[in-house]
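Asks: The task is simple: from the sequences and hints, build the whole structure.
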Amino acid sequence: MARSAAAQGAAVWGLALALAWSLPGALWRPAPAPPFPLQALLPAGLALGALAVAAPLLAWLGGPDLATRRPLALLEAPPDLLWAGALLALWPAAWGPPGQGGWLAAFLAAALPGEVRWLSAALPGEVPFPAAWGARVVRRARRLALARLVSRWLAARLPVWLTASLVLERMLGVPGLGTDWMDRVAGRDRAGLATWVAALALLWLLSRPLESEAIP
Amino acid sequence: MRNRLAALTLVFLSALAPARAQMVEESLPRDPGPLDFIHGDSYEQWILQSLAGDALVGLDPGGRAVPRLATSWKIQKDGAITFGLRDDARFTDGSPVTAEDVLWTFAELRRDPKASPTKRTILEGAEARVLEGRVWIRSPKPPGRLLVELARVPVAQKDHPERGSGPFRFVKEPAAWTFLRREHFLKPRIDGIRFRLLPDPATVLQALQKGWLAIGAPPARPLTPPATHRVVVQPMNAQLVVWSRTGSGPLQLLERWRQDAFPPGLLGQNARPSRGLWPESLGFEPQAIENEEVGPPRPPAVLKLLYVSGEAFTENLLLALRERARRDGFDLQLIPLEQALLVDRLRRGDFDLACSVVVFEPHPWAVLEYLEPKGPMNVTGWRDPQFAALAAGLRDAGGAAWRELQNLWARHPAALPILDLQSVIWVDKRLDAGPGVLGLYLGTPGAAGWRWNR
Chain A
204 MARSAAAQGA AVWGLALALA WSLPGALWRP APAPPFPLQA LLPAGLALGA LAVAAPLLAW
264 LGGPDLATRR PLALLEAPPD LLWAGALLAL WPAAWGPPGQ GGWLAAFLAA ALPGEVRWLS
324 AALPGEVPFP AAWGARVVRR ARRLALARLV SRWLAARLPV WLTASLVLER MLGVPGLGTD
384 WMDRVAGRDR AGLATWVAAL ALLWLLSRPL ESEAIP
Chain B
118 MRNRLAALTL VFLSALAPAR AQMVEESLPR DPGPLDFIHG DSYEQWILQS LAGDALVGLD
178 PGGRAVPRLA TSWKIQKDGA ITFGLRDDAR FTDGSPVTAE DVLWTFAELR RDPKASPTKR
238 TILEGAEARV LEGRVWIRSP KPPGRLLVEL ARVPVAQKDH PERGSGPFRF VKEPAAWTFL
298 RREHFLKPRI DGIRFRLLPD PATVLQALQK GWLAIGAPPA RPLTPPATHR VVVQPMNAQL
358 VVWSRTGSGP LQLLERWRQD AFPPGLLGQN ARPSRGLWPE SLGFEPQAIE NEEVGPPRPP
418 AVLKLLYVSG EAFTENLLLA LRERARRDGF DLQLIPLEQA LLVDRLRRGD FDLACSVVVF
478 EPHPWAVLEY LEPKGPMNVT GWRDPQFAAL AAGLRDAGGA AWRELQNLWA RHPAALPILD
538 LQSVIWVDKR LDAGPGVLGL YLGTPGAAGW RWNR
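So the sequence lines, in the order shown, correspond to chains A and B. Going from the first sequence to our numbering is simple: count from 1 and add 203. Going from the second sequence to our numbering is simple: count from 1 and add 117.
Simulated from the structure, these hints should not be mistaken for lab results. Careful, some of the hints might be misleading.
Rough simulated footprint, nothing fancy, chain B against chain A, three-plus residues with beta-carbon under 8 Å [to be verified]: (1) 232 to 240; (2) 290 to 298; (3) 321 to 335.
Where is the CB? At the ideal position from N, CA and C, for every residue including glycine.
Replies: As structure tokens, this is what we get:
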């Protein structure tokens, strides 16, 4: 079972690597590959750190019931585009462009509800037990379950967060990792794209030991 | 007495305090990459280089060569040009710009295969040396062409491809490209310019309306600028061009349709139907296709047109063109492709009709890219036995030789412009900035000539 999953994963990443390397298309004039936006690593790290702390914390407070709450679903529904548009429209002109702070706010607003629901849905049921044993035990049970979940959750969602902030970056004028990914596609920087895919594949590889724990 | 003393102190302190720099806030649609006078090659990179660097000559708002690093030049009988350099030009580290830097820049561009393809094309076959204290350059190209093209080659300091001598000093900030005024012979009057990366047109509009940008291009649809901004229409030597690999017949149809296909409301200020075959903005008279041997196809017929997807303005205009074709009984099928995929199809010759925006250099020789055997716009393999002889006779802009060449092209053209494009931008009313043939930045004095009306 584990060997089959590993083979499937390796095949998928291998295919992604091959696609990145053989991306069709050409440019009118050859252009040098864009430099990697090193300055975006710290804001991205901050955003991911905030998400990695806030989502488990909210899931711990809300428990498995949070996954079925309608308000959370309503917050999860608007696309990134809407969050960024609303932020831009509501941001006072006198404050100047939203910049990294605005981007972080929009990122959390767009990503947090979905991640909280993801974690809450993965928590084990609490009725009749441990609910019958009291709130303290419930909190402890949630904490233990989340401790098991968090590392796997990070490994599963990190590639998405790293690359899916493109819309927010474009709208708020904050060049980051999502923009870098798309620039390399538009500029047909096949080596750069392959490096991205290889880095994400490495992340998957590092998360393999965690995965084996989940398989009986 | 105490009040008067306090007021005097305030006045004194305010005179001592440095005035807050008033930057011109601008946006870039794409990341230009690091400032690099050797390798950088994109429209955004041109803007960076024109602010932070100086070429031997500049182009004035009318497109004529004017002194920049060179105070004067002489065209010799053999076609070589000699330039006398000014002695007050300094790189950002304070060292003077010398003939050695000019030669190093040219040599590096020719030596490095990864150097800017545009600059390498400009310097193809050129020789450069120092002769009697002047920079001497000879090229297979006519001197009139070489002179205006050299305005596209800013000089970098020897062994420092990132260092120029322009009117602004470049500072890279985390999410911005900033240029600060420095001591320079063009005497820039604004404190600086800051570019933010705003790829999304709706965001640019939002930023303009909120007053976060002093200059910006609104989306291509009729919009009223905010009260703080005025509309400036920039001339662009740009056209939406259709190439045909199936002969000039389909182009004859398009020549007819372009006259009445586009509703004025759809065109707005951003475009107007093209006339003729080559850009009027480069001085060419409108010329009709004169192919008497091959007529246009007869309806009903299917025409397949590839175009670059994702640009709503162009897509709407092409839909209007499709409706016009339908009135004549033709089925014009529009096939959207991503930019790089379209270029790939053009290179491979895998198309019947394809259209793309072409931005010409601001001189008539730019159209030779359609006709030269290895010209980047000669995607159909166009050739004519008379071309070489006619091209050899093109010494200066304008004149009978150009008319003859256009007549030759008109007999069996491989491409036809359907729209002349121009750029509509909104500029802060307090900023005195006027465009030239190269837009706001790329001419001389360019941004160094702007000033704030305080």
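Asks: Flag every earlier hint the structure violates by its number, smallest first.
Replies: 3
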